[in-house]
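If you want the building blocks of each chain, they are given just below.
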Amino acid sequence: IAGITQAPTSQILAAGRRMTLRCTQDMRHNAMYWYRQDLGLGLRLIHYSNTAGTTGKGEVPDGYSVSRANTDDFPLTLASAVPSQTSVYFCASSDAGEGGEQFFGPGTRLTVL
Amino acid sequence: GQNIDQPTEMTATEGAIVQINCTYQTSGFNGLFWYQQHAGEAPTFLSYNVLDGLEEKGRFSSFLSRSKGYSYLLLKELQMKDSASYLCAVRDGDYKLSFGAGTTVTVRA
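Sequence order for the protein chains is A and B.
For the first sequence, this note's numbering gives the first residue as 1, with consecutive numbering after it.
For the second sequence, this note's numbering gives the first residue as 1, with consecutive numbering after it.
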């Protein structure tokens, strides 16, 4: 049972480069989310998708884009990375509706130099 | 939007009880969650409250007062493995979560 997987585990990236963080879930959850976690700021929502084919902006969407072509995959792309995007990125998924706690992937630690 | 406040740090002794408070101001409310996060790991779900009152799950309990915008997580019979960050999160009407900055609990022997 995999749950949610993320790749890569960690990455060091030069500023200006393009980077896609991958997220795959096998729980057939409708909703998926991308967060960044920075010291002292907690988890902040970047983008979300309530169902395949739809996406929405969270609290901190600038500089990031997402797509949701199918139920299982929800990649996050940084078109041109900047040092302020250095963070730990978590992908999560949940069933829509009551209860519906979010399950988190193991995270990707990204450093932009 | 959501404004969620919780203490930054708490320290307690093994076997003791610790209560982590969370206050929130929300433009929409559809439930409150508590997550546990060990250093370097992903958050894991602990509890969910949508109605006022106490939810008990083993050594952990969570309380909600919607009228006061207040919740607490109670950890009983503390163990060393309970040393972690505890995240309070409020869900809005669109099923999106807003998280507090987290409370780091240190359990001392």
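Please note that a few of the clues may not be correct.
Here are the simulated lysine to aspartate or glutamate pairs, DMTMM-like style, with alpha carbons at most 25 Å apart [claimed, not checked]: (1) B:Lys-57 with A:Glu-101; (2) B:Lys-57 with A:Asp-95; (3) A:Lys-57 with B:Asp-94; (4) B:Lys-76 with A:Glu-101.
To be clear, the hints were calculated from the coordinates, so they are not data collected in a lab.
So, going through the hints one by one against the coordinates:
no.: 1; hint: B:Lys-57 with A:Glu-101; verdict: 15 Å, holds
no.: 2; hint: B:Lys-57 with A:Asp-95; verdict: 21 Å, holds
no.: 3; hint: A:Lys-57 with B:Asp-94; verdict: 12 Å, holds
no.: 4; hint: B:Lys-76 with A:Glu-101; verdict: 23 Å, holds
No hint from the list above goes unmet by this structure.
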